[in-house]
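S.K.: Each chain is listed here by its residues.
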Amino acid sequence: MDLFANVDWPEIARATRDTLFMLFGSMALTVVFGIPLGVLLYLSGKGRLAANPVLNGVLSLVVNILRSVPFIILLIVMLPVTVVLVGTSLGVAGAIPPLVVGAAPFYARLVETALREVDKGVVEATQAMGGSTFQIVTRALLPEAMPGIIAGATVTAIALVSYTAMAGVVGAGGLGDLAIRFGYQRFQTDVMVVTVVLLLVLVQILQMIGDRLVARVSHR
Amino acid sequence: MIRLEEVTKRYRSAAGERVALDAVSLTVAKGQVFGVVGRSGAGKSTLIRTINRLETPDAGKVFVGDREITALKPADLRAARRRIGMIFQHFNLLNARTIAQNVAFPLRLEGRPDAEIARRTAELLDQLGLSEHANKFPAQLSGGQKQRVGIARALACGPEVLLCDEATSALDPETTDEILSLLDGLNRDLGLTIVLITHQMEVVRRVCDRVAVLKDGRVVEEGATADVFLHPQSPVTRAMLAEGEGGETHDASAVPAGGRLARLTFRGAATYEPELSRVARATGVDYSILSGRISRIRGEPYGQMVVAFTSGEADAAIAQLTAHGVMVEAV
Chain A
1 MDLFANVDWP EIARATRDTL FMLFGSMALT VVFGIPLGVL LYLSGKGRLA ANPVLNGVLS
61 LVVNILRSVP FIILLIVMLP VTVVLVGTSL GVAGAIPPLV VGAAPFYARL VETALREVDK
121 GVVEATQAMG GSTFQIVTRA LLPEAMPGII AGATVTAIAL VSYTAMAGVV GAGGLGDLAI
181 RFGYQRFQTD VMVVTVVLLL VLVQILQMIG DRLVARVSHR
Chain B
1 MIRLEEVTKR YRSAAGERVA LDAVSLTVAK GQVFGVVGRS GAGKSTLIRT INRLETPDAG
61 KVFVGDREIT ALKPADLRAA RRRIGMIFQH FNLLNARTIA QNVAFPLRLE GRPDAEIARR
121 TAELLDQLGL SEHANKFPAQ LSGGQKQRVG IARALACGPE VLLCDEATSA LDPETTDEIL
181 SLLDGLNRDL GLTIVLITHQ MEVVRRVCDR VAVLKDGRVV EEGATADVFL HPQSPVTRAM
241 LAEGEGGETH DASAVPAGGR LARLTFRGAA TYEPELSRVA RATGVDYSIL SGRISRIRGE
301 PYGQMVVAFT SGEADAAIAQ LTAHGVMVEA V
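Just so you know, the sequences run in chain order A and B.
Residue numbers are given in the UniProt record's numbering: position 181 of the first sequence equals residue 181, and the series is strictly consecutive.
Residue numbers are given in the UniProt record's numbering: position 174 of the second sequence equals residue 174, and the series is strictly consecutive.
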């Protein structure tokens, strides 16, 4: 008896590829938007270099709204926006805008937290050496916060893995989609097991890479 | 070199307004080591931070050299800060960078050419005995070594002024000594003007030419270190000296009946002269020493003691001591 009778391996391979594209595409954009947003949240905070209660309040509200909408709802709400942005709401391309909108605010908060962990004395010393605000951010704050920023990226990437599974609902494809359509709806337990194991392996690899990078940049 | 004119700084909080600096005026001459002492909360930290405008005063003016720091535009302020080095209690090194990169950091911020940065960094590491640690990270160094890195970094851009914010407060006594010798040497060899704040009287005694005592944001006493230490005027100074140095405390019950108390202060070479026994022999007074200390203030020897003249011509003895340059005060 074939243990994996229902498993269509080429289909699994395609789904794995789709998941990886969604993950890396959305992760790259999440970092691109999340880091500047996190820096702005930090800088505009009370007692910080560019303290601005209005800007901080607005950014904080937007971030909190996006973070409080369940991802499954965000996927549907984002549909018209996605069509405008990438021309389709289907497939890997269609999944990336909602994934980024869901993950970037989350990552921005993690970046903000990592920046807050940096000793205020380092900021003060850089100011005393004649550093501009831009130099303080790029030469002192971000490098000093790098372990936290990378650890945050790892957490975010793993959260994105489960978001990509949900993106199957709007026709994005990927391993999660396979697990729902075949494993769950057609009771093909073998497909379910294979997809879940692949997702687990993916999460393990991401965590391992993240931990190694953190160890490399950490000099405490 | 540095002049503060009526500098006032207030902090507002939910609990109300607190005055950290209350119309403080100070002048620090070029090449001087100037100490500011006071208890925690006296405003020392705020004071030193107004000099490079890490704190902007609410009123008053600050001059460094011929520049009015309080009137500079942001870009000019950054340029001025490059000529004002600063070291900190907790060193404030960049943990993600090596020792060499930390020392090079201010030069990088200024955008100097790579070759110059490499040359200047190697020179500073060598000067401060840090060459063997060039590729280590701050976490691998001891407190004293970290402060040396802080000093090397502060000197990188060739400052005219060095600000020391409790620079030895986190160090053990031996390392404190080493760092103070280093600062003393920089002052003598480079003619660097140094402003240091501390709550340790010992630090002032070792390296400062002049000292100002701060209490509740006001300067309560200011003068040459030896004058302030030997003849403190304000209660705060007396209390801080008594705590920091064991002070001059004699047991009142030990004073002989009918004895006349006097505080004698010897300074400079006179410290080691047998003045007291000479005068005692000449005038026939007897005395007992109730407390005393012989030490140095910024390298200058001094002796100070409280004696009780128990018999004989105390007035004549006091007159002769005074004539020989000993300062005599009634206690």
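Treat the hints as calculated values from the structure; they're not laboratory data.
Be aware that a few hints might be false.
Stated by the list, open to error - Derived DSS-like pairs: lysine-lysine, alpha-carbon spacing no greater than 25 Å straight-line: (1) A:LYS46 x A:LYS120; (2) B:LYS61 x B:LYS30; (3) A:LYS46 x B:LYS73; (4) B:LYS73 x A:LYS120; (5) B:LYS61 x B:LYS215; (6) A:LYS120 x B:LYS136; (7) B:LYS73 x B:LYS61.
Treat the numbers as computed from the prediction; the structure is a model and nothing was measured.
S.K.: Against this structure, judge whether each hint is valid.
M.R.: Checked hints:
no., hint, result
1, A:LYS46 x A:LYS120, "13 Å, holds"
2, B:LYS61 x B:LYS30, "18 Å, holds"
3, A:LYS46 x B:LYS73, "23 Å, holds"
4, B:LYS73 x A:LYS120, "24 Å, holds"
5, B:LYS61 x B:LYS215, "20 Å, holds"
6, A:LYS120 x B:LYS136, "23 Å, holds"
7, B:LYS73 x B:LYS61, "14 Å, holds"
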